[in-house]
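Protein chains: 2
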Amino acid sequence: MKNNTITSPKGFLAAGVHCGIKQSEKKDLAIIACPTGAKAAAVFTTNKVVAASVTVCKKHIKTVNCESVIVNSGNANACTGKTGEKNAQAMCKKTAELIDAKTSEVLVASTGIIGQQLPMPKITTGIKKAVAKLSNTEKSGTDFAQAIMTTDTRAKQACKTVNISGVKIKIAGTVKGAGMIGPNMATTLSFITTDVAITKPLLQKALKDAIDNSLNKLTVDGFQSTNDTSIILASGLAGNRIISKQCPRYKKFAKALLALATDLVKQMALDAEGATKMFTVVVKNAASKADAAKAARAVADYDLVKCAIHGNDPNWGRIICAVGSCGVKLNPAKLACSIGDVSVFKNGQPVKFNPKKTSKIMSQKEHTITVSLGAGTHSDYCYGCDLSAEYVSINADYHT
Amino acid sequence: MKNNTITSPKGFLAAGVHCGIKQSEKKDLAIIACPTGAKAAAVFTTNKVVAASVTVCKKHIKTVNCESVIVNSGNANACTGKTGEKNAQAMCKKTAELIDAKTSEVLVASTGIIGQQLPMPKITTGIKKAVAKLSNTEKSGTDFAQAIMTTDTRAKQACKTVNISGVKIKIAGTVKGAGMIGPNMATTLSFITTDVAITKPLLQKALKDAIDNSLNKLTVDGFQSTNDTSIILASGLAGNRIISKQCPRYKKFAKALLALATDLVKQMALDAEGATKMFTVVVKNAASKADAAKAARAVADYDLVKCAIHGNDPNWGRIICAVGSCGVKLNPAKLACSIGDVSVFKNGQPVKFNPKKTSKIMSQKEHTITVSLGAGTHSDYCYGCDLSAEYVSINADYHT
Numbered sequence: 000m001k002n003n004t005i006t007s008p009k010g011f012l013a014a015g016v017h018c019g020i021k022q023s024e025k026k027d028l029a030i031i032a033c034p035t036g037a038k039a040a041a042v043f044t045t046n047k048v049v050a051a052s053v054t055v056c057k058k059h060i061k062t063v064n065c066e067s068v069i070v071n072s073g074n075a076n077a078c079t080g081k082t083g084e085k086n087a088q089a090m091c092k093k094t095a096e097l098i099d100a101k102t103s104e105v106l107v108a109s110t111g112i113i114g115q116q117l118p119m120p121k122i123t124t125g126i127k128k129a130v131a132k133l134s135n136t137e138k139s140g141t142d143f144a145q146a147i148m149t150t151d152t153r154a155k156q157a158c159k160t161v162n163i164s165g166v167k168i169k170i171a172g173t174v175k176g177a178g179m180i181g182p183n184m185a186t187t188l189s190f191i192t193t194d195v196a197i198t199k200p201l202l203q204k205a206l207k208d209a210i211d212n213s214l215n216k217l218t219v220d221g222f223q224s225t226n227d228t229s230i231i232l233a234s235g236l237a238g239n240r241i242i243s244k245q246c247p248r249y250k251k252f253a254k255a256l257l258a259l260a261t262d263l264v265k266q267m268a269l270d271a272e273g274a275t276k277m278f279t280v281v282v283k284n285a286a287s288k289a290d291a292a293k294a295a296r297a298v299a300d301y302d303l304v305k306c307a308i309h310g311n312d313p314n315w316g317r318i319i320c321a322v323g324s325c326g327v328k329l330n331p332a333k334l335a336c337s338i339g340d341v342s343v344f345k346n347g348q349p350v351k352f353n354p355k356k357t358s359k360i361m362s363q364k365e366h367t368i369t370v371s372l373g374a375g376t377h378s379d380y381c382y383g384c385d386l387s388a389e390y391v392s393i394n395a396d397y398h399t
Numbered sequence: 000m001k002n003n004t005i006t007s008p009k010g011f012l013a014a015g016v017h018c019g020i021k022q023s024e025k026k027d028l029a030i031i032a033c034p035t036g037a038k039a040a041a042v043f044t045t046n047k048v049v050a051a052s053v054t055v056c057k058k059h060i061k062t063v064n065c066e067s068v069i070v071n072s073g074n075a076n077a078c079t080g081k082t083g084e085k086n087a088q089a090m091c092k093k094t095a096e097l098i099d100a101k102t103s104e105v106l107v108a109s110t111g112i113i114g115q116q117l118p119m120p121k122i123t124t125g126i127k128k129a130v131a132k133l134s135n136t137e138k139s140g141t142d143f144a145q146a147i148m149t150t151d152t153r154a155k156q157a158c159k160t161v162n163i164s165g166v167k168i169k170i171a172g173t174v175k176g177a178g179m180i181g182p183n184m185a186t187t188l189s190f191i192t193t194d195v196a197i198t199k200p201l202l203q204k205a206l207k208d209a210i211d212n213s214l215n216k217l218t219v220d221g222f223q224s225t226n227d228t229s230i231i232l233a234s235g236l237a238g239n240r241i242i243s244k245q246c247p248r249y250k251k252f253a254k255a256l257l258a259l260a261t262d263l264v265k266q267m268a269l270d271a272e273g274a275t276k277m278f279t280v281v282v283k284n285a286a287s288k289a290d291a292a293k294a295a296r297a298v299a300d301y302d303l304v305k306c307a308i309h310g311n312d313p314n315w316g317r318i319i320c321a322v323g324s325c326g327v328k329l330n331p332a333k334l335a336c337s338i339g340d341v342s343v344f345k346n347g348q349p350v351k352f353n354p355k356k357t358s359k360i361m362s363q364k365e366h367t368i369t370v371s372l373g374a375g376t377h378s379d380y381c382y383g384c385d386l387s388a389e390y391v392s393i394n395a396d397y398h399t
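Going down the list, the sequences are from chains A and B. Numbering follows numbering that gives the first Met the number 0, in which position 237 of the first sequence is assigned residue number 236; successive positions increment by one, without gaps. Numbering follows numbering that gives the first Met the number 0, in which position 371 of the second sequence is assigned residue number 370; successive positions increment by one, without gaps.
Rather than coming from a laboratory, the hints here were simulated on the basis of the structure.
In silico DMTMM-like cross-links for lysine to aspartate or glutamate, where the CA-CA straight-line distance does not exceed 20 Å:
1. A:Lys-345 - B:Glu-84
2. B:Lys-345 - A:Glu-84
3. A:Lys-333 - B:Glu-84
Work the whole structure out from these sequences, hints included.
In C-alpha cells, the structure reads:
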C-alpha cells in the first residue's frame with residue numbers, strides 16, 4: 000500500500016496520541032522527528048496578536064539542524080502571556096530531552112481555543128507517549144494528521160513524487176483547517192516533509208512561494224488566526240545533488256511543492272466548517288494584480304455570494320455587488336461575469352442564460368467564477384467555500 | 000393616536016400600494032409628495048456599480064423644489080443598462096404628470112433583485128393607484144414604510160420632535176434593510192421628512208453627518224449595494240425662521256436628525272436578515288480614528304464573532320483575533336476587551352470572569368463590546384448583528 004503521509008519521504012518518523020487536552024478521546028498531540036536532522040523553513044500568521052507557540056517557533060526556526068516538530072491541538076496557547084511562552088518552550092525542551100536533541104532544534108505549533116493555559120502535566124505525559132510511538136509507517140503519519148485536527152471532520156494528507164535529474168524526490172504534507180481562515184494563511188497548521196537536498200534559504204523561498212499561491216489564496220471567513228504556521232522539513236536523504244540556486248531543478252521542486260500545497264488547500268476548503276463545496280474566483284482585466292486579488296477576495300468573502308453558492312443559485316448580482324463595493328478600478332460598461340463556462344453578465348448588462356445548467360455547475364464540489372473588470376490586463380484568484388447553516392451552529396456553540 | 004410616520008411633519012402626503020412587481024400580494028410601490036415643494040438632500044451608495052434609479056436620482060436631487068419621491072421594491076433596476084435608466088426616468092415622468100410637477104422635481108429609488116428590467120406597465124398602473132391614495136394619515140405613512148420592504152420582516156419608522164427657538168419641528172423617517180449591509184450605507188433606502196425651514200446646503204450637511212454616524216456605522220454583511228439611497232425632504236412649513244448657518248438652532252436640528260437616524264438604524268439592525276439581536280463595538284485608545292473605525296468594523300464583520308454572539312458565547316478570543324488581523328496599530332501588552340461591563344481580557348491576558356453573567360449580557364437585544372488597543376487616544380464605533388442559520392437559509396434561496 001502506498002504511503003501518502005508525511006512519513007513517506009526518507010528520514011521522517013511521526014506519531015499522534017491522545018493526552019487529554021481535548022475532553023473527547025480524540026488525538027491531541029503530535030510529533031515529527033527527523034533523526035538525521037533536517038533543514039527547516041516556515042511561514043507564520045501576520046496577525047499582530049500571535050500565539051506563544053508562534054513566538055517560540057520563530058526563534059527556533061533559525062536552527063541549522065531541525066530534529067523535531069511538536070504540535071498540540073485543543074488549545075491554541077494564544078493570549079496566554081509569559082506563562083504561555085514558558086509552556087511552549089517547555090514543550091520543545093521535553094521533546095528535545097527525549098529524542099536527544101537541543102531545545103532550539105525542536106519547532107512547536109498549537110491550535111485550538113484561545114486564552115487558556117496549556118495543561119502541562121498532561122502534555123508532558125503525552126510527549127513521552129508520542130516519542131515512544133515514533134515510526135515511519137503510514138499509520139504514524141495518519142495519526143499525526145489526525146492529532147492536529149480541531150473542527151476538521153477528516154485528516155488532510157497528500158504526497159507528490161517528482162523526478163529531479165533522475166532522482167526520485169518525495170514531498171508529503173498535512174494540514175488542518177477549518178475556521179478563521181482568511182488569506183495570508185488560514186487558521187491552519189501545515190506540515191510538509193521532503194527528502195530533497197536543498198539549501199535553507201531556497202527551502203524558505205520555495206515554501207513562501209507555494210503558500211502564497213495556495214493557502215494564502217483561501218478564504219473561509221476572511222480572518223487570520225493567532226496561530227497560523229506552515230513548516231517544511233527537508234531531510235536531504237533522497238540522494239540528489241543539493242539544490243543551491245534557482246536552477247531548473249529548483250523550479251521543478253518548487254512546482255511540485257505548489258502542487259502539493261494546492262492539493263492540501265483544496266482538501267481544506269472542502270472540509271471548512273460547514274462547507275459542502277469550494278469555488279475559485281478568477282478576476283481578469285484588472286488595473287493591477289493587487290486590484291485583481293482584492294476583487295477576487297471580496298467575492299469569495301461575501302456571505303451573500305457564499306449563501307447563493309450553497310443554494311446553487313446563480314445570483315450574479317451579488318458577485319457584481321461585491322466587486323463594485325470593494326474599491327477596485329472597474330469599467331461598468333465592460334464588466335463581465337461567468338459561472339463555470341456560462342456567461343451571465345457582459346458589457347455591464349445581464350446575459351440570457353440557462354439557469355438550470357448554471358445551477359448544475361454550481362452544485363459540483365468545485366467550480367470557477369470569473370469576473371472581468373475591463374480596467375487593465377492583470378489577473379489573480381482566490382479560493383472560497385460556501386456558507387451553510389451548519390457553519391453557524393458549529394460556531395455559535397464552540398466555546399461554552 | 001400619535002402619528003409616528005413620514006406624514007407626521009407638516010406638508011407631506013404618502014401612499015404605498017401593490018402593483019405586481021412582487022409575486023406575493025405585498026406592497027411594492029410607494030410615493031411621498033410635498034405639494035408645497037420641499038428642499039431635498041440625499042446621500043448615495045459608493046458602490047462603483049450603481050442602479051439606474053441612483054443615476055437618475057443623482058441628477059434630480061439638484062432640483063431646488065422637490066415635489067415627490069417615487070420608490071419601488073422587488074426590483075433594484077440595477078445592472079439594467081440604458082433601458083433601466085429610461086425606465087427610472089419614466090417613473091419620475093409618470094409621477095410628475097399625475098401630481099402636476101416637472102420630471103426633474105421627482106426623485107426615484109428602487110430596491111430588490113439585481114439585473115432584471117422593471118415591469119413598466121405594472122409600475123405605471125401602480126403609480127396612478129398610489130397617487131390616487133396620497134394622504135397625510137398615519138396609515139398612508141405606514142403603507143409607504145411597508146411598500147419599501149424586501150426581506151425586512153417589519154416596517155421601521157421613527158419620529159422625533161425638537162423645539163427650536165419656540166417652534167416645534169418634526170422629523171420622521173423610515174428605512175428598509177436588511178441584507179447587503181455594510182458601512183457606508185446599508186442596502187438601505189431611507190426616507191426622512193421634516194417641516195423645518197433650512198437651506199439646501201445645510202440640509203445636505205445635516206443629512207450626511209447624521210448618516211455617517213448612524214447608517215454608515217452598521218454592518219450586517221460588510222457589503223454595500225448598488226442602490227443605497229437616503230433622501231431627506233424639508234417642507235419648511237413648521238414656521239421657524241429659516242436655518243441658514245451652523246448656529247445653535249442648526250446644531251439642535253442636526254442632533255435630532257442623528258437621533259432619528261440612530262433610532263432607525265437600530266430597528267434595522269434588529270431586523271437584519273436572520274438577526275436576533277444587535278451589538279455595538281466601541282474601539283478605544285487607537286492610534287487614529289481611522290484605525291478605531293477599522294478595528295470596530297473588523298469585529299462587527301467577523302462571522303465567528305457574530306456566531307458567538309448568536310450563541311451568547313463570550314468567546315473573546317475571536318474578538319482579539321479580528322482586531323489583531325485587521326492591520327491596525329495595537330500594543331499586545333495593553334490590549335483589553337470588555338463585554339458589557341465585564342472585563343474579559345486585560346493587559347494582553349485573559350481575566351477570570353463570570354461566564355454566566357456575561358452570557359446573559361449577550362442574550363439581550365443589544366449589548367456593547369469594548370476593545371482598547373493601547374496604541375493612542377482615538378475612538379470610534381460600529382453596529383453589528385448576530386449571524387444565524389436563518390441568514391443562510393434566507394440567502395441561499397432568495398433568487399430562484
